[in-house]
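Undergrad: Work the whole structure out from these sequences, hints included.
4 protein chains.
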Amino acid sequence: RVKLRRFIVSPYARRYKAWETFLIVLVVYTAWASPFEFGFLERSRGALALVDNVVDALFAVDIVLTFFVAYVDKTSYLLIDSRKKIAWRYLSTWFVLDLASTVPLEIVRRILPRKLGSYGFFTMLRLWRLRRVSSLFARLEKDRKFNYFWVRCAKLTCVTLFAVHSAGCFFYLVAARYHDPSRTWIGASIPDFHVRSLWVRYVTSLYWSITTLSTVGYGDLHAQNTWEMAFTIVYMLFNLGLASYLIGNMTNLVVHGTRRTRNYRDSIQAATGFAQRNQLPDRLQDQMISHLSLSFRIDSEGLHQQETLDTLPKAIRSSISHHLFYPLVAKAYLFRGVSHNMLFQLVSEMKAEYFPPREDVILQNEAPTDLYIVVTGIMDLIDHRSGAEQVCGVAKTGDVAGEIGVLCCRPQAFTARTRSLCQLLRLNRTTLLSIVQSNVGDGTTIVNNLLQSPEVMICYCITQMNCFGLLLFFFARSDASFGR
Amino acid sequence: RVKLRRFIVSPYARRYKAWETFLIVLVVYTAWASPFEFGFLERSRGALALVDNVVDALFAVDIVLTFFVAYVDKTSYLLIDSRKKIAWRYLSTWFVLDLASTVPLEIVRRILPRKLGSYGFFTMLRLWRLRRVSSLFARLEKDRKFNYFWVRCAKLTCVTLFAVHSAGCFFYLVAARYHDPSRTWIGASIPDFHVRSLWVRYVTSLYWSITTLSTVGYGDLHAQNTWEMAFTIVYMLFNLGLASYLIGNMTNLVVHGTRRTRNYRDSIQAATGFAQRNQLPDRLQDQMISHLSLSFRIDSEGLHQQETLDTLPKAIRSSISHHLFYPLVAKAYLFRGVSHNMLFQLVSEMKAEYFPPREDVILQNEAPTDLYIVVTGIMDLIDHRSGAEQVCGVAKTGDVAGEIGVLCCRPQAFTARTRSLCQLLRLNRTTLLSIVQSNVGDGTTIVNNLLQSPEVMICYCITQMNCFGLLLFFFARSDASFGR
Amino acid sequence: RVKLRRFIVSPYARRYKAWETFLIVLVVYTAWASPFEFGFLERSRGALALVDNVVDALFAVDIVLTFFVAYVDKTSYLLIDSRKKIAWRYLSTWFVLDLASTVPLEIVRRILPRKLGSYGFFTMLRLWRLRRVSSLFARLEKDRKFNYFWVRCAKLTCVTLFAVHSAGCFFYLVAARYHDPSRTWIGASIPDFHVRSLWVRYVTSLYWSITTLSTVGYGDLHAQNTWEMAFTIVYMLFNLGLASYLIGNMTNLVVHGTRRTRNYRDSIQAATGFAQRNQLPDRLQDQMISHLSLSFRIDSEGLHQQETLDTLPKAIRSSISHHLFYPLVAKAYLFRGVSHNMLFQLVSEMKAEYFPPREDVILQNEAPTDLYIVVTGIMDLIDHRSGAEQVCGVAKTGDVAGEIGVLCCRPQAFTARTRSLCQLLRLNRTTLLSIVQSNVGDGTTIVNNLLQSPEVMICYCITQMNCFGLLLFFFARSDASFGR
Amino acid sequence: RVKLRRFIVSPYARRYKAWETFLIVLVVYTAWASPFEFGFLERSRGALALVDNVVDALFAVDIVLTFFVAYVDKTSYLLIDSRKKIAWRYLSTWFVLDLASTVPLEIVRRILPRKLGSYGFFTMLRLWRLRRVSSLFARLEKDRKFNYFWVRCAKLTCVTLFAVHSAGCFFYLVAARYHDPSRTWIGASIPDFHVRSLWVRYVTSLYWSITTLSTVGYGDLHAQNTWEMAFTIVYMLFNLGLASYLIGNMTNLVVHGTRRTRNYRDSIQAATGFAQRNQLPDRLQDQMISHLSLSFRIDSEGLHQQETLDTLPKAIRSSISHHLFYPLVAKAYLFRGVSHNMLFQLVSEMKAEYFPPREDVILQNEAPTDLYIVVTGIMDLIDHRSGAEQVCGVAKTGDVAGEIGVLCCRPQAFTARTRSLCQLLRLNRTTLLSIVQSNVGDGTTIVNNLLQSPEVMICYCITQMNCFGLLLFFFARSDASFGR
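Residue numbers (the working numbering), protein chains in the order written: chain E, 926 to 1409; chain X, 926 to 1409; chain L, 926 to 1409; chain U, 926 to 1409.
It should be emphasised that the hints constitute simulated quantities derived from the structure, not laboratory data. Worth double-checking, as some hints may not be accurate.
Note that the list lumps identical chains together, so a pair holds whenever it fits in one copy or between two copies.
Lysine-lysine pairs mimicking DSBU-like chemistry, simulated, CA-CA at most 35 Å apart [unchecked claim]:
#1 K1070 / K1010
#2 K1321 / K928
#3 K1009 / K1321
#4 K928 / K1239
#5 K1080 / K1321
#6 K1009 / K1067
#7 K1321 / K1010
#8 K1070 / K1080
#9 K1256 / K942
#10 K1276 / K999
All of these numbers come straight from a predicted model, not from anything done at the bench.
TA: Here it is as structure tokens:
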């Protein structure tokens, strides 16, 4: 959306991106054609020569175009559209090589003396264009729209295919130019190879090349004279490197790809090992396993990314919490009438957590460290005091659990157990009290909300005074008691 | 235990699981038979044809059955048993492919024109069933009842065997259909291969296939004509990928499998390096080594999984501690008569730790930061003050150590040293005092318990007043002193 | 040193360990001889037969001996010397297999019917003894006296050699028993192999075996008949697994071995990148680099192993600190006359740190958070206030630096810069004050020591009152101010 | 710059380093020449013999020189220039081997009896010099000026080339000395190899060697007699190890090299997964992605290396902060007139952070936990209270944002949003207040600065008293409120 100078194109413009993609296709053609012409054709003729010239012309157009494309400055992250700067940047980096790889070969051959102008070597200059493929893959690897595994595999496949193709073409050239055709790697098995079709010669070359590269080495085709041996030595050394590079990359991908499963298994195994050794009852074992399973499943599906969120600055995290939870928290009975400022601060401090079905969130008599607000799902409130489990309430979206314990500083009154998959907002007691402290008026509103809750009236008739007293005490002494 | 609608089967029902396991066996048969028939048989006959049809019929039954199996919804984690939803889900995902891979081949051949209906290719549609094996392995990898290493090895072996088998069958087909049998990879070494037994032809094909895949490449059998070369090129490229995938996986497993030993060695080495450089006395070195050894041995056997436990929510951890340690703590003399609420909170905060024999747990004169309760094992209480070591007591299951230091805020009075492998509950002083603070009545009970302990009477006659005074002082000023 | 029952041997006794080591040598002999006899000899004769019987006899002795060796119980870590328990444990685990692998072959052949008693297969039972080698390597891997890399390499070499040797012997057997010697892998190249020397036959077998295992596959020797092909298929599949296992292990070792260097480079690179980008002056850059270099060098040499020490329980850490630093701290002028209890607590809380030459430890005007005691090396105290750097003192072993800032709660008065490699004890201000608080008498001693220091008299004449006043203020209000 | 004794050279002296580099070149020559002479030449003649003698002489010079080079002591890190110590250290370590590898071969042959003095084996002693190459690579790996990947690759290439070269020479020797030339690996394919040129023989040897090492194994050249088989077995075993070492190293490098990209992708993926699932608005998504992208880009370019800085001791970190930010902070209006001491402490506690363009740094109504000072870039101050966004100010280099919230303990008054890439200094509120507390006079200056700010006058007319009151309250009660 940035307005650029006249005739200057943004590198993010859709049309320019399409042009770049089109060039990649041409580069792939060049990567195939250059070694092929170098190895198999004395001189490109007919359709191939025409296509070559068209491709060269298109790359020449790109060179001109580059002088009109803005670029992003590396230090200020701004789009530079000054023509001088663009030109200077291009001229001082890749212009010469780009130009050299576009000069028509016919001209080169006429200018240079006969011996130097040997056809093939200038064709290879075209391969400079491969840098575009290299930078394409570097970009794709970082692009979240593409799967890392497949991008990487595609890159390795391309490298391997190019190596096989180039080596095949080169070794055919070595054989074709040798003075004694019968003492070449291909002539020894196909004596009349000079008169065979291009298809047979090309496939045989590729076959020899891949047989060597994959270290199969049948031996039906092998170096016959000393020069072939010397070139094969170099090729095999290169293959050693390439093979270990392929394996290294695959290992890297496998290790990365199985990390999640391994971590999952490790934690499940640790949990069950612990449970079996200590003979924990089945109910507890099930809760442990289902919680760990859920947390790994959520992690992979993107519900829960606490680590990533923690690396973001506070303002973004606050914005996210505000977007997701403000409406819900504002409607919770406990925070009715509370000022916008305080709600904002409360929401910033809340953490969203997921619990699988039938897991205990709060235990009766537990120390009150956290207060929960239900976002989705249903939670049962259970009373154990009478000995048996007795469901005495249900918490749905927008309901608050554990608030009495937290605000009155008493052990939790109920066990809260999820009925289905629940998303809960957790608010730490210390955080709540320190926010209340700096918004004393809102604190009173919260206490009033709590006292008006019918639940409190029924369950805490007797302890009410105590509760209220404690709260007043908190607010009066707040700076000293929870001042940190 | 969930009640489903009539005629709807749960995916967790034992019978359905048995049926699925049975189908896996059939899939394995298909994986072997399809390429084999494709490569070696013009038309399946006799027993093989019968078995094929039976297997097809059973998969047809499974297609029908799938319309009656409930499924777990991905967002709500609930079991869906509505017939419409089940049908819609199946029809919109895999139904078409499942059906296509079950159509009898005889019918296909009659319907389609002669040339298109070439036998082999339709057999290959059967391989769609392999997705069941793939999902089976994905499940087994996450199943804690199976060893990850062996599941993964089994998967890789299956993939390799299938690749070898398929390639062998395919290359035999290529050779068998070539116009000049003497110019094929098999015909060059076995000129009369057409009349040899199936066993010889099959083993030779597999031999050729595995020789290429494992990159041994003896060269006794190798591509003879251009088409074979072309196919071999593709196969070798695939092998490069497969080989690096195998190696990558094995590396992953080895790295994962030796992690524990490496970590153990690293920490032992760091400890001994430190000890030798600083010329620590042997007793200390032994204590360091035996503690590190124990903590690694326990880790592998499942006694100690603090990390996993820490990822569980507080309620589950409290339940576990309550289950394991509540009875023991309730019987400890220090907590006799203390309210259920407070005991619950104390137990939640305790950590279980293991100590090897003859290791110091508490040192005389150390600052009192922790209190220990013995769960298993025996601990000696040793007094160094007289110069020599003098055992002045023994702590057994249920006894408390270090309580005087912690409660009176004085340096520890004894060295506590384990006699055998001990499991101890550790309670942090700060935690204890903050719990005592919110349960003032129970605090008094604890002080009384402490004062009635004969040990205290004997050892601390003189400092008793001071001790009592400090405690009173604590409770009076508790909010300010340990209010955090 | 534990007294065992009569006739019961400790597994840690030196003689028993020697006996076990001797048995390992015999196992290595068995591992070589068993496959060799199986493959190359119809019936062991002469010296070999004698040695075999002696070895068998020695293993029989070991079986008897095992009934008299105590063992360590897995749950209590105690040495069990009850004969009944030892016998029961052995009988219920490995006794049967140990016995089966020791029965003399002559007896077996007489008892069993001719066909079953085929010589070779019973020889293979001897290989059960290899479990001793396996458990030896498991032990060596964990033994800190042996280098992990070489132990692991030795293990892999042994596995590879055994695989090559066994496969060679087995394939010779397959060839030797084939009805048509000219159509075997060895007969095709050495037609008269039956009459060649054992050395030629054995080396040729090994050569074939290793050529296949290392996937070189020259092709001069290769499978000639269908059975050989079938066995070669199995061997090549096994080789795929073995090769990837070897590579996986080597990768693991390389990754583990280069971790330190990589970490070092990463941190150095981050530091220099930061310095260059921010154009920090050379002096600061040098300090950063030399500090990072030192910390990595120390880490590798064992001077500094904070992480390992942190995993040890507090009592051991206190013992170590006490052993290393108590005498030094007790002699420091600041802690002269301070009670043993308090010194003990102070020493427990001190951290030893290393500083390279010419690095700033304390900066003038910095907030006083730490106090340092010099253990080794020399430190210059430098005053910048006059504009230029002016060395106004030197701190040697036993001297204290930064104490005035810490105790008077003022910015540091001097820059302290190391002259040579220094080991310093760091004591945190908060920790010091909280220890002083609980030992009020010792606090007064420390203040007196400080006031008697000539340095303080000279430099702080004016601020002395303030300093003293602050200290009194600290002790009076200590519980509230630094009560945590 | 250290002054050494007379005639003693520093190991860091430029000339000595050049001499060492020159010796490395000679070592490379030796590494090539020694195996070559051993394998192909009966006796070195002509130019080669001359060069050998010159090289030996130069190494003899180095032996003498070593007695005059100071060394760094391993424990004290000091440069030792005592001649006695230097001599003792050299004589007790490598002197004997260095000498043995320098003795002229002509002398050796004359002294030793004919049979023992076989030419070749003494040439191999020269290879002891390779230790210099090994230690060179160890040094280069740790040198930050060289890329780790390429140093490691170069090392592996050297090892591979040396292995190929040595094996080639050795196997030629084995063939050349065999009694029946036609039954050697080279004689079987080149019957007249004895009379061929050195070039043909050398290339053929290398070709055989690399064919085996890379496991291609064409089979055109292979072992023909038993001794060759035996040596090939050893070579192939060595190759197994070398190949897995190469692959292991490459894997290590690949894993290390792609770590950054993988981490980047993981965090981006987690963030977008979270955003999509929660349907966050586009603006928030963009902020998340651009922040994560920036933090990874900065990390790789060296702007932000918090982790490394955190491992440095406090004094260095303070020096860095002081160098970078002191002038800027001293000029900020809020800290005008504040004492040097306090500024120093403030600067030490500040953290530099980067924010991409258009990201929120402070949100209106957020709890005030941090104060920011702009180092580079421009930040908009935006007011949302009127409903629409309204830019009410701009913060440039040296301006302070969020100070009113922090000092008056009120929710933030503005949203602060970056306009371009910004570097901000973040100062935590708690840290600020605790520093202010110990510099009460400076606190008053800061309050005065704040009150004189026109911004405060306009926006906070009404709340001014409250603000001032709170501040006074802070300073009065400071010890209790933020005493930690």
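Undergrad: Each hint should be assessed against the structure and marked as holding or not.
TA: Structure-based check of all given hints:
no., hint, verdict
1, K1070 / K1010, "both (33 Å within a copy, 31 Å between copies)"
2, K1321 / K928, "between (51 Å within a copy, 24 Å between copies)"
3, K1009 / K1321, "between (65 Å within a copy, 29 Å between copies)"
4, K928 / K1239, "within (32 Å within a copy, 47 Å between copies)"
5, K1080 / K1321, "neither (51 Å within a copy, 45 Å between copies)"
6, K1009 / K1067, "within (31 Å within a copy, 42 Å between copies)"
7, K1321 / K1010, "between (62 Å within a copy, 26 Å between copies)"
8, K1070 / K1080, "both (16 Å within a copy, 29 Å between copies)"
9, K1256 / K942, "neither (48 Å within a copy, 46 Å between copies)"
10, K1276 / K999, "between (37 Å within a copy, 23 Å between copies)"
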